[in-house]
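Visitor: Sequence:
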Amino acid sequence: MAGSPDMEKLTSLCKRRGFVFQSSEIYGGINGFWDYGPLGAELKRNIRQSWWRDVVQRRENVVGLDASIIMHPRVWEASGHLSGFADPMVDCRACKKRYKADGFCEEQGLKLIRTDAGFQLPPGVKCQACGSLELTEPRSFNLMFKTFVGPVQDESAVAYLRPETAQGIFADYANVLATSRQKVPFGIAQIGKAFRNEINPKNYTFRSREFEQMELEFFVKPGTDREWHETWVADRMAWYAAIGLPADSLGQDVYAKEDLAHYASACVDITYRFPFGVQELEGIAARGCFDLSRHQEFSGKSMEYFDPDTNEKYIPHVVEPSAGVDRIALALLCEAYAEEWVGKGGESGAAEILPAEPGKPAPQGYEARTVMRFHPAMAPVKVAVFPLVKNKPELVAKAREIFTGLQRRWPCAWDQTGAIGRRYRRQDEIGTPLAVTVDFDTLENGTVTVRDRDTMRQERASADTLAETIAARIEAGD
RNA sequence: GCGGGUGUAGCUUAGUGGUAAAGCUCCAGCCUUCCAAGCUGGCUACACGGGUUCGAUCCCCGUCACCCGCUCCA
Numbered sequence: 009m010a011g012s013p014d015m016e017k018l019t020s021l022c023k024r025r026g027f028v029f030q031s032s033e034i035y036g037g038i039n040g041f042w043d044y045g046p047l048g049a050e051l052k053r054n055i056r057q058s059w060w061r062d063v064v065q066r067r068e069n070v071v072g073l074d075a076s077i078i079m080h081p082r083v084w085e086a087s088g089h090l091s092g093f094a095d096p097m098v099d100c101r102a103c104k105k106r107y108k109a110d111g112f113c114e115e116q117g118l119k120l121i122r123t124d125a126g127f128q129l130p131p132g133v134k135c136q137a138c139g140s141l142e143l144t145e146p147r148s149f150n151l152m153f154k155t156f157v158g159p160v161q162d163e164s165a166v167a168y169l170r171p172e173t174a175q176g177i178f179a180d181y182a183n184v185l186a187t188s189r190q191k192v193p194f195g196i197a198q199i200g201k202a203f204r205n206e207i208n209p210k211n212y213t214f215r216s217r218e219f220e221q222m223e224l225e226f227f228v229k230p231g232t233d234r235e236w237h238e239t240w241v242a243d244r245m246a247w248y249a250a251i252g253l254p255a256d257s258l259g260q261d262v263y264a265k266e267d268l269a270h271y272a273s274a275c276v277d278i279t280y281r282f283p284f285g286v287q288e289l290e291g292i293a294a295r296g297c298f299d300l301s302r303h304q305e306f307s308g309k310s311m312e313y314f315d316p317d318t319n320e321k322y323i324p325h326v327v328e329p330s331a332g333v334d335r336i337a338l339a340l341l342c343e344a345y346a347e348e349w350v351g352k353g354g355e356s357g358a359a360e361i362l363p364a365e366p367g368k369p370a371p372q373g374y375e376a377r378t379v380m381r382f383h384p385a386m387a388p389v390k391v392a393v394f395p396l397v398k399n400k401p402e403l404v405a406k407a408r409e410i411f412t413g414l415q416r417r418w419p420c421a422w423d424q425t426g427a428i429g430r431r432y433r434r435q436d437e438i439g440t441p442l443a444v445t446v447d448f449d450t451l452e453n454g455t456v457t458v459r460d461r462d463t464m465r466q467e468r469a470s471a472d473t474l475a476e477t478i479a480a481r482i483e484a485g486d
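According to the working numbering, the first sequence is numbered sequentially starting from 9.
Accuracy of the hints is not assured; some may be wrong.
With a straight-line cut-off of 16 Å between C-alpha atoms, the simulated EDC-like cross-links for lysine to aspartate or glutamate are [as the list claims (entries may be wrong)]: (1) K191 - E206; (2) K154 - D180; (3) K191 - D317; (4) K398 - D423; (5) K400 - E365; (6) K191 - E312; (7) K210 - E288; (8) K265 - D277; (9) K201 - D74; (10) K201 - E218; (11) K406 - E375; (12) K400 - E452; (13) K154 - D74; (14) K201 - E172.
Think of the hints as simulated: they come from the structure by calculation, not from any bench.
Just need the whole structure built from these sequences, with the hints factored in.
Guide: Following this line, the structure appears as structure tokens:
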């Protein structure tokens, strides 16, 4: 397996080929926001589609939901985000350290003073690192984006952009239960945008202020939390393998008991070894009945479930696999990126391929190529179609015919520009797994060449059954 | 939010107090019977806003963005 790519090379390729652009770039950009270009949009679509198939479509006991981004503000009181997101912080002016104000005071045997206007430090607190008394006033960092519903911008109209999709699921839990003929255990899944006013967005698209989540709330009978949690960790790990993230680049970060939220019984982060460090792709938490209980308390509506098998009533417990689409997209981009040295002058498809050594030029007789080795299911473009040369109308016509046929089934690329080798390399750089070339033999015997991105080998296939040939190559295991 | 660095074409870089160069990419044409070939032509840039100056891409100030470190990350 290739080592971690240089992030600068990766971000440059993403820009150059249309995977990722900086948001509002023509105005100088805006910190923490990113756009996905034509190829990035396809990549994300593939991620979502694969997740939805794996988590919803193939399971009888999981159903989908598409809740609104802006919800009643009481939702965020119930969920704890309104208070929990507003931790007051203090900075030391002398040594620039930052602390959470309450814990900081407590550790010095003092108590943070709550006022009408906010918070005040008790006299005598000092910086734990340098001992300075030069501290800023406590400042709240509420990570929720605030907005106003309707034309009047006063306190009664305040609403928030959701900081997670999960609460939409909890808020609609009773509706879904009443309409979907589901019984515990069952799940509700949702994909959508979420917004967090991160203090410090960084690592390219990894920590953004607007991002997309794929969340499942899986409701289970109390007492079965643990086994379901284990099941979901295993299922989710299998999915990451299926979309092309190898086991040796993935990890699990199992939370120690004392690091768990008070209501949670287990939490595992699925991590990926990014070039900038091992970071979380997905968190899978067993959250007990915390969320539904809170919504029952705050809304006054019952969240109890009547179990017809045992004639019991209970508030279901929940296991929550929560994944970030953008983080997965970034992991796929990092994993796919490869630089290679390709032997020159080999007869078609016989070229020797070596992994490039970082920072070194290709040796004599070799030339460099950059290739995105996406899993075929994740590749933004599945097939490219070329006429061998463009100045022979009958080749172009035949290739066009094949292209428009394949387009009905897959995202395809057409390219008749320049030499054939250049066109292959172009497709390599965006990770297109297969390239079909129409040549003079096609006109004679109805066969085309099918060239493989990874091996650069080509074989001849019948144009009549081309779709089946391609399907067998790129949809295996789908 | 703090400290440091950076900002010239789609990308990578050069350069200058008198508005700018190259390679690659991209586009068009010619040519081309399978791996970034060749020829011709073309598009495109000094992050933004002020200031100093006869004149600023270059000097100064501010802003924005990106990178590194700190901090934060329910």
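Visitor: Run every hint past the structure and note whether it holds.
Guide: Comparing the hints with the structure gives:
no.: 1; hint: K191 - E206; result: violated (38 Å)
no.: 2; hint: K154 - D180; result: violated (22 Å)
no.: 3; hint: K191 - D317; result: holds (10 Å)
no.: 4; hint: K398 - D423; result: holds (9 Å)
no.: 5; hint: K400 - E365; result: violated (41 Å)
no.: 6; hint: K191 - E312; result: holds (12 Å)
no.: 7; hint: K210 - E288; result: holds (14 Å)
no.: 8; hint: K265 - D277; result: holds (14 Å)
no.: 9; hint: K201 - D74; result: holds (11 Å)
no.: 10; hint: K201 - E218; result: holds (7 Å)
no.: 11; hint: K406 - E375; result: violated (32 Å)
no.: 12; hint: K400 - E452; result: holds (14 Å)
no.: 13; hint: K154 - D74; result: violated (21 Å)
no.: 14; hint: K201 - E172; result: holds (8 Å)
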